[in-house]
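Note that the protein sequences, when read in sequence, are chains R and V. Letter by letter, the first sequence follows residues 1 to 303 of full-length UniProt numbering. Letter by letter, the second sequence follows residues 1 to 376 of full-length UniProt numbering.
Treat the hints as calculated values from the structure; they're not laboratory data. For each residue, glycine too, the CB sits at the ideal point set by N, CA and C. Each hint should be verified, as a subset may be incorrect.
Residues of chain R placed beyond 12 Å of chain V at every Cβ, according to the derived structure [stated by the list, open to error]:
| hint | residue |
| --- | --- |
| 1 | Tyr32 |
| 2 | Phe66 |
| 3 | Leu102 |
| 4 | Ala200 |
| 5 | Pro218 |
Partial list, computed: chain V residues near chain R (C-beta under 10 Å) [to be verified]:
| hint | residue |
| --- | --- |
| 6 | Ala50 |
| 7 | Leu86 |
| 8 | Pro88 |
| 9 | Arg168 |
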Amino acid sequence: MSETMALARPRLGAGGEALAGLMLCLPATLAYLLLLLLPTLAAVLLAFTDYELGAPALAWIGLGNFEELLGDQGFRIALRNTLVYVSIVAPVSIAGALALALLIEAAARGRALFRAVFFLPVVSLPVAMATAWQYLLHPTIGPVNAVLAQFGVAGPAWLTSSDTVLLSLAFIGIWEAIGFNLVLFLAGLTAIPRELHQAAEVDGVTSAWERFRLVTWPLLGPTTLFVVTITMIRAVRVFDSVAVLTQGGPNRASEVLLYTMYTEGFTFFRLGYSAAITLVFLAIVLALMLLQTKVLDKRVHYG
Amino acid sequence: MAGIVIGGVQKRFGDFQALRGVSLAVAPGEFVALVGPSGCGKTTLMRIVAGIERQDAGTIGIGGRDVGGLRAADRDVAMVFQSYALYPHLTVAENIAVPLTMRRLSAWQRLPLLGRFWPGARAARAAIAADAAQAARSLGLGAMLDRRPAQLSGGQRQRVALARAIVRSPRAFLMDEPLSNLDAALRVQTRREIVEIHRRVGATTLYVTHDQSEALTMADRVAVMLAGEILQVDSPARIYADPADLRVASFIGSPRINTLAAALRQDGAVTVAGTPMGLRASGEAGEATLALRPEDVRLDAHGPLAVQAEHLEFLGESTLLHARHAVLGTPIALRLPPGAAAPEGTFRLGFAPQRALVFGPDGRRRAAQALEAAHV
Ligand SMILES: Nc1ncnc2c1ncn2[C@@H]1O[C@H](COP(=O)(O)OP(=O)(O)OP(=O)(O)O)[C@@H](O)[C@H]1O
Ligand SMILES: [Mg+2]
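Using the sequences and the hints given, assemble the complete structure.
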């Protein structure tokens with residue numbers, strides 16, 4: 001007993017120790033407060049005001065902004081376009097990434113190369129890449145239409161026709177998302193014990209499809225759920241390509257949620273209204289995250 | 001029931017020769033234990049028999065036909081993996097049913113939703129569920145059919161893996177250290193259960209273990225493997241009492257067999273440090289090794305071995321006396337009968353000559369017999 005007493009280090013006293021702890025937490029807490037919590041709170045509050053940038057005063061208008069949103073044609077188009085965009089980008093980039101991951105996993109060699117090639121879009125600068133796409137999809141000098149012309153097809157004006165602009169943006173979105181999803185799926189695949197595949201073989205599984213159904217797909221469940229959530233959230237967030245390539249046009253055919261928020265806030269300086277759109281956006285993202293953690297999570301973890 | 005015939009199987013991983021021409025025949029209905037130290041190639045051999053891994057040379061026959069060109073699924077064996085390899089998302093009942101589902105249902109009947117309504121699927125699925133439940137009950141898993149593997153104890157998972165194997169009647173059972181993850185008590189119990197199942201089903205079984213007591217208690221025959229080679233295949237009693245190779249003698253038996261550097265004289269007499277041991281062995285004169293099991297050595301004031309006492313090890317049912325040979329310095333252990341007084345200082349040991357094992361310099365066994373007392 002006396003020995004442990006002697007060995008115990010000199011103590012600060014309970015109060016001193018607590019103070020030291022608080023001091024250590026301070027920088028992170030401050031950064032969190034200043035950079036995340038306060039701006040979010042400010043946005044939430046602004047959403048209930050008619051504040052305009054440079055205006056001398058602001059008034060509390062309650063749900064006024066949200067009422068206006070309901071009747072706003074532009075907002076409705078943006079919401080619809082965003083949903084269309086997400087419902088193209090998410091399924092295609094997820095299914096495509098899964099298919100590619102399975103192919104690469106089965107390949108005897110070249111895994112590292114394929115992984116790097118498909119991951120390239122993820123690490124490249126979105127704005128720079130958008131410019132590259134602008135060239136590729138250019139109606140007259142772009143290589144895409146040049147190739148199409150070889151086959152006697154007159155390619156459309158990809159980014160400037162309201163029929164194709166959303167599809168073209170979705171294609172770029174898929175190209176950006178697929179590498180990220182691929183890497184996640186590859187990691188998920190390596191985590192599946194090889195013995196399970198072998199056990200399936202001994203149990204009489206002969207086709208690749210049967211093996212996928214019995215082992216790969218169920219064991220990939222947690223990965224897939226994460227990929228689905230993150231892809232949808234990233235797709236809802238689409239902004240860079242729209243801002244660089246189309247500015248929401250032509251004729252609002254590529255108007256999306258965050259771009260509307262941006263124009264309302266920083267072109268028309270209606271910050272209160274813009275904040276209301278941000279809240280709608282936040283609600284969508286939160287709903288997706290809740291869906292993941294509360295509902296689906298229970299069905300893919302077998303612990 | 002069918003047998004397994006392994007003929008001259010070789011396997012290398014890069015520069016490393018994991019199997020150096022392994023041959024082994026398991027008779028129909030026989031239980032053979034493959035025992036050897038870690039890394040000697042047991043799992044590799046098992047996986048080659050199952051068809052999960054390809055051999056570089058040699059043949060595998062199961063049930064009288066060559067299965068060299070067949071996939072694992074077509075070899076018709078059941079395997080219990082060292083790690084159980086249960087499907088974590090399936091319940092106990094579903095896990096056990098997988099081998100039946102894959103073999104009894106057509107590809108159409110297995111389709112996700114549609115398959116349920118395919119002609120005959122309903123009846124076939126009911127039969128499968130009944131068989132799976134039957135297999136589960138025979139291993140005492142009847143109450144946990146709806147649990148997932150994560151909700152089971154190690155021993156229960158073990159039994160699910162076994163049930164998944166016995167739910168069909170395959171041509172052969174392959175079990176890879178199925179008890180290695182269990183605690184001592186559960187291990188003994190499950191050991192009995194496996195032997196019981198084997199008696200009931202009478203299936204050809206190849207059972208891999210690195211635990212020699214498991215091999216000796218369970219198997220009809222034991223195959224001792226070392227560094228990619230099978231050294232001896234024999235009944236447990238003969239493996240223990242009549243080892244063909246010094247390495248087999250050293251590997252089997254706990255505590256380890258005593259080995260003494262010996263010499264073989266021209267007339268065949270075996271000597272240790274110049275002292276005749278009362279034994280004559282066949283073969284060329286020269287160096288040899290004399291091996292004695294600890295229970296075959298006894299205190300004997302007129303015995304041929306002079307030793308120095310070292311320390312005692314209390315084992316419960318007996319006491320182990322550790323000593324060193326007075327001249328060679330080699331350790332010698334012997335079991336003292338209960339209640340015997342432990343000697344101190346220098347004393348002498350004897351042994352029954354017919355129990356002594358003599359090995360040549362190449363490690364192969366030499367035939368030996370006791371000399372008449374007059375000869376010594
Ligand atoms: N895929 C592989 N690549 C390279 N070496 C391998 C591979 N599989 C096994 N080996 C080597 O082959 C040898 C035999 O391995 P194996 O798994 O058959 O041993 P084991 O007898 O089952 O051992 P344990 O009792 O530890 O399970 C080991 O030395 C191991 O390192
Ligand atoms: Mg092994």
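To see whether the hints hold, each was checked on the structure:
no.: 1; hint: Tyr32; in the structure: 36 Å, holds
no.: 2; hint: Phe66; in the structure: 42 Å, holds
no.: 3; hint: Leu102; in the structure: 18 Å, holds
no.: 4; hint: Ala200; in the structure: 8 Å, violated
no.: 5; hint: Pro218; in the structure: 4 Å, violated
no.: 6; hint: Ala50; in the structure: 6 Å, holds
no.: 7; hint: Leu86; in the structure: 8 Å, holds
no.: 8; hint: Pro88; in the structure: 4 Å, holds
no.: 9; hint: Arg168; in the structure: 9 Å, holds
Figure legend: structure checked against the earlier numbered hints; hints not met, in rising order: 4 and 5.
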